[in-house]
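First to last, the protein sequences are chains A and B. Sequential numbering of the first sequence, starting at 1, is according to my numbering. Sequential numbering of the second sequence, starting at 1, is according to my numbering.
Hints in this document: simulated from the structure, not taken from any laboratory. Note that the structure is predicted; figures quoted are calculated from it, not measured. Take the hints with a grain of salt, since some may be wrong.
[Said to hold, decoys possible] Here are the simulated EDC-like cross-link-like pairs (lysine to aspartate or glutamate), alpha carbons at most 20 Å apart as the crow flies:
(1) B:K267 to A:D267
(2) A:K374 to B:D81
(3) B:K359 to B:D296
(4) B:K267 to A:D293
(5) B:K267 to B:E25
[What the hints assert, rightly or not] Heads up, incomplete: computed chain A residues facing chain B, CB under 7 Å, no partners named:
(6) G170
(7) A316
(8) C317
(9) Q319
(10) G321
(11) V325
(12) I328
(13) G334
(14) L366
(15) S376
(16) A400
(17) K404
[As the list claims (entries may be wrong)] Sample of chain A residues facing chain B (criterion: CB under 7 Å; computed from the structure):
(18) P56
(19) N364
(20) K374
Think of the CB as a built atom: it goes at the ideal place given N, C-alpha and C, for glycine as much as any other residue.
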Amino acid sequence: MNRRALLVLIASTTLTGAGMLAFGPLAHGQIGDFAKQERGRQLVAAGDCVACHTAPDGKPFAGNRAIETPFGTIYSANITPDAETGLGAWTEAQFYRAMHEGIASDGRRLYPAFPYPWFTKATREDVDDIRAYLRTLEPVRSVQRANEFPWPLNHRIAMAGWNGLFFTPGEFKPDKNRSTEWNRGAYLVEGLAHCGACHTPKDVFGADKTSQSYQGSEVQNWFAPNLTGDSRTGLGGWSEQDIVSLLKAGHNDRTTVYGPMAEVVKDSTSKMTDADLKAIAVYLKSLPASPADTPAAPAGNVMSAGKNIYLDQCSACHQLGGDGVKNIFPSLKGSAAVQSRLPLSVVRLILNGGHPASGPGSPNALSMPSFGWKLSDNQVAAVATYIRNAWGNTADPVSATDVKDLRQRVEAVNGAY
Amino acid sequence: MAQRLPSVDVLLVGFGWTGAIMAQELTEAGHDVLALERGSWRDTGTDFAPSFIQDELRYRYHGHLFEQTAQETLTFRNTPDQTALPMRRLGSFLPGTGVGGSILHWNGQAFRFLPYDFEIRRQTAARYGEAMIPADMTLQDWGVTYDELEPHYMRWEELCGIAGQAGNVKGQKLPGGNPFEGQRSKPYPTPPMKQTYGPALFGEAAGSLKLHPFPCPSGNMSQAYTNPLGVSMAPCTYCGFCEKFGCGNYSKASVQTTILPVLMQNKNFTLRTECEVTRINLDASGTHATGVTYVDAHGNEFEQPAELVIVCAYILHNVHLLMTSGIGTKYDPATGQGTLGKNYCYQLTPSVDVFFEDKVLNPFVGAGALGMIVDDWNGDNFDHTGLGFIHGGYIAAYMTTGRPIETELLPEGTPKWGAKWKQAFVKNYLTSMSISLMGAVMPNKVNYLDLDPTYRDVYGRPLMRMTYDFKQNELKLQDFALGKMADIAKAMHPREIKKSPRGPHYDIVPYQSTHNTGGAVMGVSRRESVVNRYLQHWDVSNLFVVGASAFPHNSGYNPTGTVSALALWAAEAIRSQYLKHPGPLVQS
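Same shape as in the complex, but just chain B (with noise of 0.2 Å):
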């Protein structure tokens, strides 16, 4: 039996990112904020100290500060007529656990979308007309706009410090940035990072081909920075240890770097850790949550009540606890009624390595967002006449790490073991370097999220079931995209290069990328679409569902820039509207 415990304002499901953005807005407001996160305490001097954190073996491959599969996972296959089987071993995407969440361990690539990303539907059929969107592509329109939501893109590039170059300020285009970004109202908050060698023949190469390059939008630090919460960070030391890491140097923005050090000091902010919320509760009239239950690191049970709920989990658990708590239409892909689970997308990731006989790269002076990027073929920024996809990605030249393990890039032909293979290693480790793809996913009618009929979790719920694979238009793109990517790795002059392309199918062995989005997709209707604008629940009004499952489609970009943006868009939403007068802030 469950132990009530007494109600609180505010409860967040889940203490990384958006939890904190959540509890740092709404602290701020003068709102009691209980934060339940199922992971444990992280502090940097004690748990990513510079001190034992360059652990490859440790923390990549072990993944120590990922979620462990014993605990939580998920069943996958690629179609509808497949049985899926859970992932026992985290592969392609590396969900966090703990205080900080995923934000944790990411690169710090620190992107904004487009504005057409968010009217995708109606600009496309615009430009194209409807004919261009195929009858499986599920594709709709965010209900929210770039320019609603420019000014939480700004707010979260000044708590985080992102160094950057712009490209268009207030509709001025300036030298040296992204010519097809959406309007800015104020440049990057800190310079763009210093690039080594490699990116900066990229950029020359892509120069030379009438391409736009530009640094990348970077969540390591280019120089000190004090943010407007009064959190300082450090200048970035380029030791290459960031995605899968803890920045031991605090000099890449996350939860412990930016907001934690105030919202500590707030007396109205509480956070429970190793606390697992297994249900979000309803009222008899089902349109009312009265709270969650959850059970803490003892296996109690206890059934917290709160006026208001947020959920802030990674994505995947925020679908999956609002398909356990029996909350909205599951998705149905033969009629395609429903809207919970619909909508999941992901990346595109293929690359093109590039291998020199003479230049020396020192691939070993990196960071996260370490690199160059073009972004002539993402969104609509160039004429899809006639090439069978919509949208595309940006190409990029990262100098991201050289890990010793991690790191290897051979030639075609290479053996996979033994003296040849060593010797290649030796040969190409300071001279090669890779060009790659962020690559949109569109939404598909049989790309979707929904229970496993068969495998449960510790706590026996069902577990959550992942259906997807790679669609016609991601591999018209990819086509498309590694021509490009060889055109401008040969202007590199190399020795020669090697394409890696994904698929056909979508593997979800290989680590990718931590980017999946969807299953609780915003929208303008409750018809297709689980939460409104603001990220409430179409049918709960006191329940609020943040984070990159309310993304309707994923675009080439990475996505923690948008989630930010959407959950600051939330928190004002909540604080200026929603806890005046509690109700739906948008009627259907």
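Looking at chain A on its own, in the form it has when it is part of the complex (with noise of 0.2 Å):
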């Protein structure tokens, strides 16, 4: 909400109670509006839409931000109130529909990089409230450029198939026998918040593995780590706190946020009330642990030179049993996202380095630098080896190949260093 409309807010809910100390009850229109505007807020939050509904550089919910897909590449919708380029002119009937079918105003069906097979979770006053919020936005003019998907994925129609198959309409159903924290949990998890899109492995056709869900996943070259109780690359040794403080600070005694998840914590998590994030925690912890697998023992020439890469180059910070500095530098003894089954994301931060989140209340934004430019492929290889199995930890060995594979990615998406 801009900062004007929400003072034009304030100012009418404070008249209107002054109303009512005057004159008697009045309509509780405005107060109303404004209860449900805020929620509605909240759950936008929770629903991170801001981060794909709004470009680089563009205004915030203006839409036109380029969602890769492995399908093609699709530019997200403007949704402020605008009437003839945004959801202006959408009524609330159609705004659920959207949101619980993934069928637009004009009965178009949309793709499901906009996720509505986690929003048809979200409860009708919930959907109601978001759109309440969505309307007190600034409308911005701004309209929506074409997919690039090739045929026959540019017909629409196909998505009636894929619904057909992937996609079943419906509201969270509560479990009876769970608390009610661990179904406020659960109604985030699975619905707004839609971390599966992440975490959850896909198939060919881009729906979730739901036998391997929150077990992890490759997300745009990096890696969405398990979060189910497995303890090795889990989030089985971690308490709820850890998993509250992460969401909350992107930082926890443990670990820091990179990548992808990091704008998640900046847009989304951060602004979420405590007791949300609680409720996640207690649900992601009630997971069952991903089946155990054994990892392939390592190359002992490989792992005596990635310590010594390891002490040159990353001791100083992380330190010299890999335990790091609370808080600063995370730990990446006994890390679950360093022994994760797929080494895309430590190795994508030894090449190209990142930034985490930060925001108020943590302003820390300690950067990992890049060593892309510095170490080879093998030299890569030995030291994402060395750390995946050293202090207890333990994971498959990195190949020079895998390197090699990612450095080409990412430098195909950002450029050479």
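Given two chains presented individually in distinct reference frames, assemble the corresponding complex, making use of the accompanying hints.
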């Protein structure tokens, strides 16, 4: 909400309050609207709508951010209340249908880059509140760009078949055997927060592999980590407070968020209430551990090369024992991100470095420097293999080919060093 | 024709350490602040990451983080009867440029000045009589006292997480600290750094001579620290790449590691980089600043109006900008009239090198502020009767670095090159160290700054001209201190020692320290100073000039602590007094 709109709302709320004192009860419309819009604002934060619906350097929520999918590039919609190019002309029912069934106001089927398979879980009341909030935004005129999809996906009718196979509309059904907090967490994680969109592996159709829910997946050349109870690669060793701290501040005693999740923390989770974050933590901590795997043993010569590189290049910050400095430099020892099934994030951070999340109350933004210009594919592979297998860590070794491949993929997007 | 921009509340000229302090204090108070920085954006992860910062050639010798003399420099001469020539290569001092300014490449030696410093004229005369102050020594009080600055020193130390051992907390003397220091309200926020062998030997020797050794207060972190703004710093790794380098490990207090992460999130703060302010503009009355003119990286000229202008550049640029903007009365050494450019001071840094036969000191384990200090001959901590000089300096054994190109301690008689040089280098690298003096410099009638009549900068402005030499006070202090330093060195039982004095004339070529002071000094009256006790310009009340340019003399300590305390003191005056009732804060 822009500041002026908020001020008008506060002023009108105050006046209405004064009116009530002076003239007795009045219609509660404006007070009710404010509460509705405020709830909507929090739900929009939980859904991280701003991330996809804002172009780089564009106005918030005005759309046209390019979303890379394995099938082509999609441009997000303008969800400001502009009558012609945004949602200004949409009715409450049309907005609910889009969120619940993935169908636009004109009947076109939406692509699931818009995460309606998750948003369908949201209650009607919540969806109405979201719309109420979005209608307080400044209308921005911004025509959505055409998607770049190959045939036959450019025909939206194709989505009817996809929906038939992979999508079941339906609001969240609480589990009566679980606590209110757990159900709130499940409602958010499975619904608006759409955590599985990144953290659940996808099949060739881009649909969730539901048997592997939350076991971690590749996203934009990063690895969205395993959120299940596995103690090595998942959240098994984490407390609920660890999860809350990470979502709130972008870092905790164990680790620091980098990559796309840093954006999620900045735009979404850092703005959620502590109660909702706690509920999310409670739900995530209840996810059963993914099946244990047995990583291949690394070669001794690779480990000793990796150790020497580690001592020279990494130990000044991450310390000789890999345990980092609490809340400053992430611990590599025991780190789920370091030992993840696919080493994408580790290798990518070594190659390119990264800026972590930061926000009010958590101003630290301690960057990981880039080593891609300095270390060869073999050296990166050795040091990555070393940190994945030192100090009690275990994970598959990283090959120079893995590094070369990721280096090329990342350079294709970001350009060379 | 300059493009005129919309006006701002507060405009900062320069975004180094004092600029960052001002920006944080004034945005926090709700004011819109714009900072104009001539250099580029700088960030730890990309600009001085630990993956490449330990590059002595690039940073120390090619001066990658320093001011480029092709863009801005000064001319120099020792005495008024000489013709000054331009410095085409940096030498004795290394002003920074870019976001974070010169504190980016400091060592981290984090001292307060003594209470004596701020009332130096009054106290010297009271103890020894007016005759102790020579006629050509333009000594003056600062107009502010240590007690007034103490809360601001404390705030600075907490912002930076300074590591040290207090010697005097609320009048209580604490063992292991500096017994001569001014009274502190609190101990240091973090414990002192761990000393290595060399400084420990110095401490033992000083103790055996009944001196009072204490660990150097340090801006290199002895442990992880989170400052009151919520910004965290990491423990120092003792890599020895501090001075002349940015710290890649977030372990050295700087703009980047203490204030910047918070400031950049403040919506009422704007930073424009690669914008060089060329002039402060005044209205027709000459008593009110209307804003500044600046040039961007493309050579476009802008006029930026502002309600309040705060000059926060390096001291030489502060003074230069006032001069080229025609603000204030230039100092005339012949008559002693005028104030702008007077009391330029530097520091005096002789050393005694100590060579051991069998003690391996591992100098490559170092940090900028790793060392032991004795303060027994600083300020007025000792009786100067009959010595022929006032003030003094601290004596230190630092282990700042063992960087291979720069670290070259060789005994008397070693040839400059060849096999014998090589042998001596190998023999002594691990087993030698240096004891140094951070000597105070007193102002002198003919040490001053003005504009050069011949040479101009890239914007066509006359270059600053520096006229400076060591005077009797410094040379007598040096003789005295070298004797004391040699006494301590001998008590360390070395194989041999070598005295390395400075002078007798100041040489601007070899690096000494970036501790230039004065030129736009503070004081109690407009007759003797450029700015009042709040660093507000006497003639233009909506102009403040912040930095070591305000020091009326240079003390026997590194200046950063006092620069910071004065900036915080001025910021508080601006917040709590000036912005509520704009106008002169001191009536004259």
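Status of the hints after comparison with the structure:
At most 20 Å may separate the alpha-carbon atoms for a hinted pair to count; K267 (chain B) and D267 (chain A) meet this at roughly 16 Å. Our distance criterion of 20 Å between C-alpha atoms is broken by K374 (chain A) and D81 (chain B), whose separation comes to about 54 Å. Proposed proximity of K359 (chain B) and D296 (chain B) is contradicted: the alpha carbons are some 55 Å apart, above 20 Å. With a CA separation close to 49 Å, the supplied pair K267 (chain B) and D293 (chain A) exceeds the 20 Å bound.
Distance check on the hinted pair: K267 (chain B) and E25 (chain B) sit about 14 Å apart at the alpha-carbon level, within 20 Å; holds. The beta carbon of G170 (chain A) comes no nearer than 41 Å to any beta carbon in chain B, farther than 7 Å, and the hint placing it at the interface is violated. Taken as an interface hint, A316 (chain A) checks out: its beta carbon lies about 5 Å from the nearest beta carbon of chain B, inside 7 Å. Interface restraint check: C317 (chain A) against chain B, minimum CB-CB distance 6 Å, threshold 7 Å, status holds.
The closest approach between the C-beta of Q319 (chain A) and any C-beta of chain B is roughly 9 Å, which is over the 7 Å cut-off, so the hint fails. Interface hint status for G321 (chain A): violated, as the beta-carbon distance to the closest one in chain B is roughly 14 Å, over 7 Å. Using the Cβ-Cβ criterion of 7 Å, the hint placing V325 (chain A) at the interface with chain B is satisfied: the shortest such distance is roughly 5 Å. A cut of 7 Å between beta carbons decides the hint on I328 (chain A): the least distance to chain B is about 5 Å, and the hint holds.
Hint status for G334 (chain A): violated, given a least beta-carbon distance of 19 Å to chain B, over 7 Å. A distance limit of 7 Å between C-beta atoms decides the matter here; for L366 (chain A) the minimum to chain B is near 6 Å, and the interface restraint holds. Interface restraint check: S376 (chain A) against chain B, minimum CB-CB distance 14 Å, threshold 7 Å, status violated. Below 7 Å, beta-carbon pairs count as interface contacts, and A400 (chain A) has none with chain B, the closest being about 20 Å; its hint is therefore violated.
Checking K404 (chain A) against chain B by beta carbon gives a least distance of about 20 Å; that is not within 7 Å, so the hint is violated. Here the hint on P56 (chain A) is broken, as its CB sits about 18 Å from the closest CB of chain B, past 7 Å. With a cut of 7 Å, the hint placing N364 (chain A) at the interface with chain B holds, because the nearest CB-to-CB distance is about 5 Å. With a least beta-carbon distance of about 6 Å to chain B, the hint placing K374 (chain A) at the interface is held under the 7 Å criterion.
Violated hints, in rising order: 2, 3, 4, 6, 9, 10, 13, 15, 16, 17 and 18; the structure is consistent with all others.
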